[in-house]
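Quick mapping for you: the protein sequence lines, in order, are chains R and Y.
Just so you know, we're using full-length UniProt numbering here: the first sequence kicks off at 1 and counts up by one.
Just so you know, we're using full-length UniProt numbering here: the second sequence kicks off at 1 and counts up by one.
If you're looking for bench data, these hints aren't it; they were derived computationally from the structure.
All values derive from a computational prediction rather than experimental measurement.
A couple of the hints might just be wrong.
[As the list claims (entries may be wrong)] For lysine-lysine, the following DSSO-like pairs were computed, each having C-alpha atoms within a straight-line distance of at most 30 Å:
id, chain 1, residue 1, chain 2, residue 2
1, Y, K300, R, K190
2, R, K260, R, K8
3, R, K300, R, K364
4, Y, K364, R, K190
5, Y, K190, R, K300
[Said to hold, decoys possible] If you want a taste of the chain R side facing chain Y, the calculated C-beta under 8 Å gives, among others:
id, residue
6, V20
7, L79
8, L85
9, S87
10, A98
11, L119
12, G152
13, K190
14, G215
15, I373
[What the hints assert, rightly or not] If you want the footprint, here are the derived chain Y segments under chain R, 3+ residues with CB under 8 Å:
id, segment
16, 133 to 142
17, 191 to 204
18, 207 to 217
19, 436 to 450
Yeah, the Cβ is synthetic: ideal placement off N, Cα and C, and Gly gets one too.
Number of protein chains: 2
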Amino acid sequence: MSDVKTPKQIIMNAFDMNCVGHINHGLWTHPRDHSTEFNQIQHWTEQAQLLEKGLFDGLFLADIVGVYDVYQNNIDLTLKESIQLPSHDPLLLISAMAATTQHLGFGVTVNLSYESPYLLARRFSTLDHLTQGRIGWNIVTGYLDSAAKAMGFTELLAHDLRYDQAEEFLDVAYQLWESSWEDDAVLINKTQRVYAQPAKVHKIKHQGPYYQVAGYHLSAPSPQRTPLLFQAGASSRGTAFAAQHAECIFISGNEKHITKQQVDTIRAQVQATGRDPDNVKILMGINVIVAETEIQAHEKYQEYLRYASPEAGLAHFSSSTGIDFAQYGLDEAIPYRSSNAIASVNDRFKHETITPRDLLEQHKLGGRYRLIIGSASQVAAELIDWVDQTGIDGFNLARIVTPESYADFIEWVVPELQQRKRYKTAYASGVWREKIFNTQAPYLNAPHPAGVWRTRKKDAHELPVTQERELT
Amino acid sequence: MSDVKTPKQIIMNAFDMNCVGHINHGLWTHPRDHSTEFNQIQHWTEQAQLLEKGLFDGLFLADIVGVYDVYQNNIDLTLKESIQLPSHDPLLLISAMAATTQHLGFGVTVNLSYESPYLLARRFSTLDHLTQGRIGWNIVTGYLDSAAKAMGFTELLAHDLRYDQAEEFLDVAYQLWESSWEDDAVLINKTQRVYAQPAKVHKIKHQGPYYQVAGYHLSAPSPQRTPLLFQAGASSRGTAFAAQHAECIFISGNEKHITKQQVDTIRAQVQATGRDPDNVKILMGINVIVAETEIQAHEKYQEYLRYASPEAGLAHFSSSTGIDFAQYGLDEAIPYRSSNAIASVNDRFKHETITPRDLLEQHKLGGRYRLIIGSASQVAAELIDWVDQTGIDGFNLARIVTPESYADFIEWVVPELQQRKRYKTAYASGVWREKIFNTQAPYLNAPHPAGVWRTRKKDAHELPVTQERELT
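Work the whole structure out from these sequences, hints included.
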């Protein structure tokens, strides 16, 4: 197995969101927390510079469209604790952060359900140019009825249909990114007056149940063409989708032997699609509390707990599952009921007897990511153990107190990992994809479906222009 | 009349676009031109800093979705001369430029036809927060069939229906910006654990022919709430729309007496909607070539002409009108034919006899904006004369050679205008709206429809949440 052959350099992303309360709720009330400054540019440029100083691979930005209104059937707690509300557009932060960094990647969640492939493809190409190849897309399809209603639908599309739509969306986006402009289309020859060569730019034509697109991509090839692709689907349909498309898969893990099974399953599915299983990096969401000594780290944890809001964590989780946990007594077993929210999360209630009290305990820190507490060497050893025991490739580090969680990690854990030769001491060159996979291949290649589109014979999908054009 | 009472301080915006060839085509081949660097962040941050040094009010960014494929029934010349293709998303440039400036406003064109009000309102609110109240929206509805087809439609919506859709879009956006969150909704009280007060945040509910939206705005009130609103409609329907909604109206002018009529008509229409006619600033698109002496300025003009592409200007104009000018002989009169493109532009052919040769002559510099050439004092005098004779409030300055056109203007013309007390010597304080209108009112007020929504009694549009919510 790849995970035991050679010790892996651990991939580290910061996991953040353009909002106040992200994963660990209630901590915005901590006196040292700066998350309420999320709407100021400087908050982001300074944090990006901090992460680059710490040689983080990337900043992963979550996003949600819609509000968490399942818990208590209203948004009262969502507003009081700012549980991902306000929620601002993450793509609009990127150029400011890219201007003040050189290497840090930016993985951004965009829900495709309410976007058009033509315009979203342009957005990512714009950012891939501006960042010089440091943009990534975390592909999500949304799970909130509140979003569907805000967008003019009566309800959310059913879970598996959302993935059908996503498949078709990607098919269109890949064509725009990979096959509309050939590699050498852009000449920029001032004396011959040729910016781009007409014979090398092609119209894409797609007719499907969800999308109909006939047009030229509005951007010339960017450093990566297709952005680095992230996905986090954990249902069977979601995993199949990720195995086909994702380059980085984001999982949550709690017990190493279960995570190992999950990782093995993912890699087997990736292989089954014809791709090299090592061409997918698996990243686990994690919380870290670190200090000079183990005792100090635990003291810090206790201090954080005084500000955390387990109930806010529960309110968030209510929307993830589609179940209003407030309707059950504190020690009442929560019955399973099917919902249209995150299938893999909701499925837990099929197999386990869980009470609201259990959930509050699991959300003690306001969230429920795996938490590692200790001295620098303890944290480093535990992270390495996770990687070596499970086959994951790295972590998405959530913030508890912002930006203290990142600053602490960089001060204490990074040098310790470097000493153990499990963390880079300098950035690799190239675009984000090349850095992550340690290659000199900026583009996706076949058998990945994006790569297939690029290398397909050009005229195979090109229509005679005169035939389908109607003059007004 | 307001235009003669007191000498107006002239409003100056740079008129640019996230592309190579914008208005004056072919100049990308000029040895000193940097427009091919449009896909690099530094190009934009440096230009924004230059404009702020020159006390420009704003940077106005045009945009186009779709390609210019009318001329010769293909996009060959569009690609060779990079006539607004590639065309990158302008909103994604803003945070980088805002991070390196303090006062410059950013007016961004977004075509609403292919956007959802819920998500576009969030984008503008995100940027209004990040820029601390320096964002503006140039409202357009698009006019290209190529865009409609790229977006999955068989053809463009008819001209007047596009404005009906725009009216409804704005109605939804105003509700989100102005009435979803009350002014004092956000408390950020860490000790009481109240980020926002639930009683002060309202769901908006809209059911119309084009949009159905039930939801809370995803952003708390930003410095301006509604972005500063630009519009450029010049048809009768377009002018009526602008009179109702626009705060800045962008016109093209060629002869002062005609422009004066146009300005008077606009102000009368603004007044007819119940608004103060001075609450609309009218800006004219302009080209300036300036040097130390008049002779040097004309020499520079001749030098520019060697790189300009009148044919590229014609190709651009073909898409603006929907007429393929290449199908007529050089001296053949171009017949009027109705099209679904820009009505006010196409209408010219109803009344005038124009040949392709005439159009090439009018596009000598690759575009057809009014051109002023001369020494600093000559240019300043002419700009002032335009303002005083026509009643306009200022200019959108197009680029010819980039960024030389802006640098020259700032070096030569700005000091001259300042000396004549017709140009600010420092930025005013406040958000962009306050700077432009010299007020201390950051929000739009009634009778503007956005202001009406903010001051409307809150429960008038609030639904009982339990009534229309369906649990999954």
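(message) Hints numbered earlier in the text: which of these fail when held up against the supplied structure?
(response) Numbers 15, 16 and 19 - these are the hints that the structure violates, sorted from lowest upward.
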